[in-house]
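**Q** As a plain string of letters, each chain reads:
There are 6 protein chains.
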Amino acid sequence: MKVKVSRRAHFNAAHRLFRPDWDEQQNNRVFGKCNNPNYHGHNYELIVGVTGEIDEVTGFVMDMKVLKDLIRNEVEEALDHKNLNLEVPEFRELNPTAENIAVVIWNKLRPHIDGEHALEVVLYETPRNFVTYTG
Amino acid sequence: MKVKVSRRAHFNAAHRLFRPDWDEQQNNRVFGKCNNPNYHGHNYELIVGVTGEIDEVTGFVMDMKVLKDLIRNEVEEALDHKNLNLEVPEFRELNPTAENIAVVIWNKLRPHIDGEHALEVVLYETPRNFVTYTG
Amino acid sequence: MKVKVSRRAHFNAAHRLFRPDWDEQQNNRVFGKCNNPNYHGHNYELIVGVTGEIDEVTGFVMDMKVLKDLIRNEVEEALDHKNLNLEVPEFRELNPTAENIAVVIWNKLRPHIDGEHALEVVLYETPRNFVTYTG
Amino acid sequence: MKVKVSRRAHFNAAHRLFRPDWDEQQNNRVFGKCNNPNYHGHNYELIVGVTGEIDEVTGFVMDMKVLKDLIRNEVEEALDHKNLNLEVPEFRELNPTAENIAVVIWNKLRPHIDGEHALEVVLYETPRNFVTYTG
Amino acid sequence: MKVKVSRRAHFNAAHRLFRPDWDEQQNNRVFGKCNNPNYHGHNYELIVGVTGEIDEVTGFVMDMKVLKDLIRNEVEEALDHKNLNLEVPEFRELNPTAENIAVVIWNKLRPHIDGEHALEVVLYETPRNFVTYTG
Amino acid sequence: MKVKVSRRAHFNAAHRLFRPDWDEQQNNRVFGKCNNPNYHGHNYELIVGVTGEIDEVTGFVMDMKVLKDLIRNEVEEALDHKNLNLEVPEFRELNPTAENIAVVIWNKLRPHIDGEHALEVVLYETPRNFVTYTG
Chain F
44 MKVKVSRRAH FNAAHRLFRP DWDEQQNNRV FGKCNNPNYH GHNYELIVGV TGEIDEVTGF
104 VMDMKVLKDL IRNEVEEALD HKNLNLEVPE FRELNPTAEN IAVVIWNKLR PHIDGEHALE
164 VVLYETPRNF VTYTG
Chain G
44 MKVKVSRRAH FNAAHRLFRP DWDEQQNNRV FGKCNNPNYH GHNYELIVGV TGEIDEVTGF
104 VMDMKVLKDL IRNEVEEALD HKNLNLEVPE FRELNPTAEN IAVVIWNKLR PHIDGEHALE
164 VVLYETPRNF VTYTG
Chain C
44 MKVKVSRRAH FNAAHRLFRP DWDEQQNNRV FGKCNNPNYH GHNYELIVGV TGEIDEVTGF
104 VMDMKVLKDL IRNEVEEALD HKNLNLEVPE FRELNPTAEN IAVVIWNKLR PHIDGEHALE
164 VVLYETPRNF VTYTG
Chain H
44 MKVKVSRRAH FNAAHRLFRP DWDEQQNNRV FGKCNNPNYH GHNYELIVGV TGEIDEVTGF
104 VMDMKVLKDL IRNEVEEALD HKNLNLEVPE FRELNPTAEN IAVVIWNKLR PHIDGEHALE
164 VVLYETPRNF VTYTG
Chain U
44 MKVKVSRRAH FNAAHRLFRP DWDEQQNNRV FGKCNNPNYH GHNYELIVGV TGEIDEVTGF
104 VMDMKVLKDL IRNEVEEALD HKNLNLEVPE FRELNPTAEN IAVVIWNKLR PHIDGEHALE
164 VVLYETPRNF VTYTG
Chain L
44 MKVKVSRRAH FNAAHRLFRP DWDEQQNNRV FGKCNNPNYH GHNYELIVGV TGEIDEVTGF
104 VMDMKVLKDL IRNEVEEALD HKNLNLEVPE FRELNPTAEN IAVVIWNKLR PHIDGEHALE
164 VVLYETPRNF VTYTG
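Residue numbers (my numbering), protein chains in the order written: chain F, 44 to 178; chain G, 44 to 178; chain C, 44 to 178; chain H, 44 to 178; chain U, 44 to 178; chain L, 44 to 178.
If we strip away everything but chain F, and leave its shape as in the complex, we get (with noise of 0.2 Å):
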């Protein structure tokens, strides 16, 4: 009996994309203000799901304070009220799309989940945009 658990968690941050072999024009026009060089910032709402089979003593697939405790250690602490291109590692030379910033957001968390189960990350940039990875 496969079943997923998702536990939801925020964090905010600044970012900015753009490309620095571009010049400033087809940075703007490809990522339009997203480009300004002064940051802009969002409230990132994340979803983390876990699928696995139920444990038959437990009656959890993964215990939930586990899978909150792990997204605050490796990813709220990483990324919370940082400025996504100067202060993560990941992104010194990644642009911090949503769709990067979920790829990131999943390589931090799958060392540690049981490697027999799936991850899934579902991230929301703003409420009307949002992307989802599973690896």
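Among the clues, some could well be false.
Since copy identity is lost for identical chains, a pair holds within one copy or between any two.
To be verified - Calculated lysine-lysine pairs in the BS3-like style (CA-CA distance at most 25 Å, straight line):
#: 1; residue 1: K76; residue 2: K47
#: 2; residue 1: K151; residue 2: K111
#: 3; residue 1: K108; residue 2: K47
#: 4; residue 1: K76; residue 2: K111
#: 5; residue 1: K45; residue 2: K151
Since the hints were made in silico from the structure, they are not lab data.
With the hints as your guide, set chains G, C, H, U and L onto chain F.
**A** For chains G, C, H, U and L alone, kept in the frame of chain F given last:
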């Protein structure tokens, strides 16, 4: 690295559920209050999801601004503030149930989405009723 | 110890904004797409608030079940799945704007609420547009 | 043309997470505050999804009114305003975790859904914790 | 320049509505399913609002982190994962209706809020039922 | 018959809370993570409420389309995708707390609202923190 990017939009419209080849009694039995010949209406909330590889150059699966404009031009222009039965050609002989509206929206968007990308349409008829179509 | 108790309900309906004594051009200028003669519609979300002293015997300002039934009988029965312009007598000569619908709902409920209690109606025409009327 | 139709419902209930064959210390270590012997409770939000072909005659995969009534009769009647541990037979020897409640709900609904339709149950224990079961 | 700052929090709890001096029949007539002697429960969502002048030095009416900690220490510690009837002294002889819980929370917070600030408590018992108390 | 009409909008921005006349230690003590010199950011959700008599001719207190355009021109143009500290003149010497942003928005809108109408600004810095200013 395949990611689904999702964009939320909305439109409102009037509609009526009925079959012209049925008598009123049969229409009422099957469609209930939704068969009101004077129409009723909804705020439809739409979530369009596009799944594909992240472009390594931009970090995008698909530019959200392009997706936003596409939804406005192909869906909102055609359906917003409309009477679906009377004013939208696709429903001239097709009952505008949430299921059928989702399929119509998917068909409107599909030609404009990169052929290698998967397309998903989620349509909320009310906050309590919604449908999902993936082609 | 005065407390406001609030109950959320919902109904959906078709409507059209226009004045019969104006020509089409003037109606379009003022009411825009809302003047579509074939109607459009909304999922209206309604919050009814009743303010009064807590009854020391029950701990209630007003029994929520009673308020729920009152909203169903007086508001949902009259407005749900209706064409407001054609089927609701109050709007025969009154433009069914959100403002006017809120006043009509308030007037429908007021006689059924304890005279010592204040009454508030909040009506969401869409998740982005709403109105508040307190008499 | 397969579509998933989804219907949202809700119930509230008291529960306690524990194993009678464990001592209090072990129950507290694994279940924490959820092991309170005097119970705590939740507003459970439930989304039931049914996937199948659109019926060409009605335009429905499944009549939402039928699904709504089914959820009320099979799920809400059994669980709403109940103590899950004491009053719901399925949990007499089964820990009422969100995972197990979702499976119990799925099993209650499955016999009443067309065998050619897939069934999905999403259960929110809180707005931040939810589970998904598809059989 | 008076501003109201509001902070959202949440807790969940079991409760039962009844009067010990009434017989079962009368309790059932007034409190219905909420009189279940085995308890039921809710996810309470709480919004605490504090109104006062903006401090010209900090730009704060009240530091949200202080308000967050205050709610955790005074409200969540006392009510989260509790049986309100059995474990919360204020409800030993007071029916734990939403109205009374809001007043109890207000009384717990009031001594810790600057005397020149107004205090408002909004308590959602469910997403559809909520109460507001301002002292 | 006075009614409040409310319109929801949104913008996102980067900001930093600090006083230039304080040293880093004092800024950190008072503003914590919000003092990050590299900035962080939010999706601000804005609700603008205008209270006045219903115009008997139109049924409007104020045309929502006019209010929507006013918010876009006066607020979104000035604040969306901006660094509040560096790019918005009002915050050159004013700490961009939620309280102060709400007052700035109110001051931007007030001259464009009918003098007989009351104006209210509700600003969500996050879904959990928000402020209300009524002048």
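**Q** Within, between, both or neither: how does the pair K76, K111 come out at a Cα-Cα threshold of 25 Å?
**A** Between. Shortest inter-copy distance 15 Å satisfies the 25 Å Cα cut-off; intra-copy 34 Å does not.
**Q** For the identical chains here, do K151 and K111 meet the 25 Å Cα criterion within one copy, between copies, both, or neither?
**A** Within one copy, since 14 Å is at most 25 Å while 28 Å is not.
**Q** When no copy is named, should K108 and K47 be tagged within, between, both, or neither for a Cα gap of at most 25 Å?
**A** within (15 Å within a copy, 28 Å between copies)
**Q** First find the shortest C-alpha distance between K45 and K151 inside one copy, then the shortest across copies, and answer within, between, both or neither for a cut-off of 25 Å.
**A** For K45 and K151, the Cα distance is within 25 Å both inside one copy (24 Å) and across copies (17 Å).
**Q** Since the copies are identical, ignore which copy is meant and state whether K76 and K47 lie within 25 Å (CA to CA) inside a copy, between copies, both or neither.
**A** between (37 Å within a copy, 23 Å between copies)
Checked against the numbered hints above, the structure violates none of them.
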